[in-house]
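Trainee: From first to last, the protein sequence lines are chains A and B.
Position 23 of the first sequence, counted from 1, bears residue number 706 in this note's numbering, the numbering being contiguous throughout.
Position 190 of the second sequence, counted from 1, bears residue number 181 in this note's numbering, the numbering being contiguous throughout.
Take the hints with a grain of salt, since some may be wrong.
Examples of chain B residues toward chain A, derived with CB under 10 Å [stated by the list, open to error]:
(1) R73
(2) G96
(3) V145
(4) L154
(5) L237
Below, in silico cross-link-like pairs of lysine-lysine (BS3-like), each with a Cα-Cα straight-line distance of 27 Å or less [unchecked claim]:
(6) B:K87 to B:K102
(7) A:K911 to B:K65
(8) A:K856 to A:K922
(9) A:K691 to A:K880
(10) B:K102 to B:K66
(11) B:K101 to B:K65
(12) A:K910 to B:K87
(13) B:K65 to A:K922
(14) B:K87 to A:K737
(15) B:K87 to A:K906
(16) B:K66 to B:K101
(17) A:K911 to B:K72
(18) B:K105 to B:K87
(19) B:K72 to B:K105
(20) A:K874 to A:K702
(21) A:K856 to A:K910
(22) A:K910 to A:K922
(23) B:K65 to B:K105
Keep in mind the hints are simulated off the structure, nothing from the lab.
Glycine included, C-beta positions come from ideal geometry on N, C-alpha and C.
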Amino acid sequence: MGNLFDFKTVFTNIPEILKYFPVTMQLALSAMAASLILGLLLALVKVRQVPVLKTLVNVFISVIRGTPVLVQLYVTYFGIPMFLKYLAYKNGTEYNASAVPPIVFAFIALAINESAYNAETIRAAIQSVDRGQIEAATSLGMTGWQTLTRITLPEAIPVALPNLGNSFISLIKGTSLAFVCAVVDMTAAGKIIGGRKYRYFEVYVSLALIYWVITIVVEQLLKLLEKKIAIPDDSPTVKRDAARLAQDIPVQSSEV
Amino acid sequence: MIEVQNLSKRYKDNVVLEDINLTIHPGDVIAVIGPSGTGKSTLLRCIDRLETPESGRIIMDGLTVDLAQHHNRKKLIELHKRTGMVFQSWNLFSHKTALQNVMEGLVVVKKLDKTRARELAMAQLANVGLADWANHYPRHLSGGQQQRVAIARVLAMEPELLLFDEPTSALDPELVGEVLETIRLAADRGYTMLLVSHEMSFVQRVANRVIFLENGHIVEDGTPDEVFYHPKSDRLRDFITKIERLQAPEYSI
């Protein structure tokens, strides 16, 4: 038999697929941003124990975490136009379902799905902040909002970051399901290319390579970010002494 | 003059404070002493409204706050601005340097511009002897240094009433001295303060008035001399004897 696995095609596919890289990243980044905002709001409702809303949020998180993303994508893709059609019918206006670009449905579904997971991460991070510091801020005369933005969140973000990074990585890969909403992202493009060349296996290998590389890059960026926002291990005195030692300048034992 | 009226606080069935009335004159350094679990810390935390009492009012110059009410945010913030709390466990903002900790209230609450706030904060840090440590994060400071930064942070806000909630209880014995010295300097500068402390000899030197709190009541209220050397109630006599026994040197013959 001829060519069972065309090694070259795996690599010649890559530039073609990468044309759709912006679509994938646009979807991933916008859904992540929206899910962070929504997740923070959901988390605040849970932390503050807002009556009624708290129950709604719990049900929402339970439903979203209890159903597959694929199903959620279908529900938004078919459900939202149906709902809009109904509204248009009620108001006696015309509604054109194809006027909404498909990426919007994928964005909504992914953002909502991601927000349920992020809400729990953010809630846990907020609750890990030392109560004493919040009391100190209150005692200084800060308002609830000032305490949240100046003290609680800056302290909670480093705690939440590793988990949020994780969920961002899975979101990037989750965008590959967006083809069910008729979005042509990298995976959908790969399928089209595979169909054209009749080389499906090669194209899936190319896709795997591309997603893997993206994930590695994102992981490294997250590591840098984590390091940047962490409180340094060494005190300024230790650093100065280390610098002096390196230059053979005597170090004083203590400077008070 | 600051007046605390009808302050009562209980946790479920456990009455911690019962109808406390207290008048604080400007410049007063009042020490609150008493056995553990008698509501000393709760008294301070209710005055600063970190704890919500069942009833109670605080009256300051031009400000009356019903401490039991929830729906008076503006007044509560005003109260927080005019009182300052130093905590047992320091409670410094751990992601901010010593300087940023002191600047925080000046910038966010008092809305000073950053340069002015930095100047004031540096001056306060110098006052507590930590000017060289301004760029250190709390985790790089000793307990005593952290507490001195916390005191600088509160003094920078120039509160009318300073509340010290067992400021040295969480410190290693060798670090207690530096913090007490800082508190004494603040007292010398004429700050009005309410101090919960177990450092009895320090209390005798610094306070002009001592309150003995027991089971949620003010049992005695007088000068250090009256309270420590001429206690009227049996309960206070008992308490003082116990403490003296603790502090007396051990003899071996």
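Trainee: The structure should be examined with respect to each hint, and the outcome stated for every one.
Mentor: Each hint tested on the structure:
1. Because the smallest distance between the Cβ of R73 (chain B) and any Cβ of chain A comes to about 8 Å, under 10 Å, the interface hint for this residue holds.
2. At a threshold of 10 Å, the smallest CB-CB gap from G96 (chain B) to chain A is about 4 Å, leaving the interface hint in force.
3. Of the supplied interface hints, the one on V145 (chain B) holds, with its beta-carbon coming within about 8 Å of a beta-carbon of chain A, less than 10 Å.
4. Nearest Cβ of chain A to the Cβ of L154 (chain B): about 8 Å, under the 10 Å cut. The hint holds.
5. Hint on L237 (chain B) is violated. Least Cβ distance to chain A is approximately 29 Å, over the 10 Å limit.
6. For the suggested pair K87 (chain B) and K102 (chain B), the alpha carbons sit about 18 Å apart, so the restraint of at most 27 Å is met.
7. At most 27 Å may separate the alpha-carbon atoms for a hinted pair to count; K911 (chain A) and K65 (chain B) exceed this at roughly 37 Å.
8. For a cut-off of 27 Å, the pair hint linking K856 (chain A) to K922 (chain A) is broken: about 41 Å separates their Cα positions.
9. At most 27 Å may separate the alpha-carbon atoms for a hinted pair to count; K691 (chain A) and K880 (chain A) meet this at roughly 13 Å.
10. Simply put, K102 (chain B) and K66 (chain B) have alpha-carbon atoms about 18 Å apart, close enough for the 27 Å limit, and the pair holds.
11. Under the criterion of a C-alpha separation no larger than 27 Å, the hint pairing K101 (chain B) with K65 (chain B) is consistent with the structure, at around 15 Å.
12. Taken as a hint, the K910 (chain A) and K87 (chain B) pair is honoured in the structure, with Cα atoms around 16 Å apart against an allowance of 27 Å.
13. With a CA separation close to 45 Å, the supplied pair K65 (chain B) and K922 (chain A) exceeds the 27 Å bound.
14. Using a Cα cut-off of 27 Å, the hinted pair K87 (chain B) and K737 (chain A) is violated, with the two alpha carbons roughly 32 Å apart.
15. For the proposed pair K87 (chain B) and K906 (chain A), the alpha carbon gap of about 21 Å is at most 27 Å, so the pair holds.
16. Distance hint between K66 (chain B) and K101 (chain B) is fulfilled; the C-alpha atoms sit about 16 Å from each other, no more than 27 Å.
17. Pair hint K911 (chain A) plus K72 (chain B) does not hold up; C-alpha atoms about 33 Å apart against a cutoff of 27 Å.
18. Using a Cα cut-off of 27 Å, the hinted pair K105 (chain B) and K87 (chain B) holds, with the two alpha carbons roughly 15 Å apart.
19. Pair hint K72 (chain B) plus K105 (chain B) holds up; C-alpha atoms about 19 Å apart against a cutoff of 27 Å.
20. Proximity of K874 (chain A) to K702 (chain A) is assessed by CA-CA distance (about 14 Å); at most 27 Å being required, the pair is judged to hold.
21. Straight-line distance between C-alpha atoms of K856 (chain A) and K910 (chain A) comes to about 25 Å, which keeps the hinted pair within the 27 Å bound.
22. Restraint check for K910 (chain A) and K922 (chain A): the C-alpha separation of about 17 Å stays at or below 27 Å, so the hint holds.
23. Distance check on the hinted pair: K65 (chain B) and K105 (chain B) sit about 25 Å apart at the alpha-carbon level, within 27 Å; holds.
Consistency with the previously given hints fails for numbers 5, 7, 8, 13, 14 and 17, ordered from lowest to highest.
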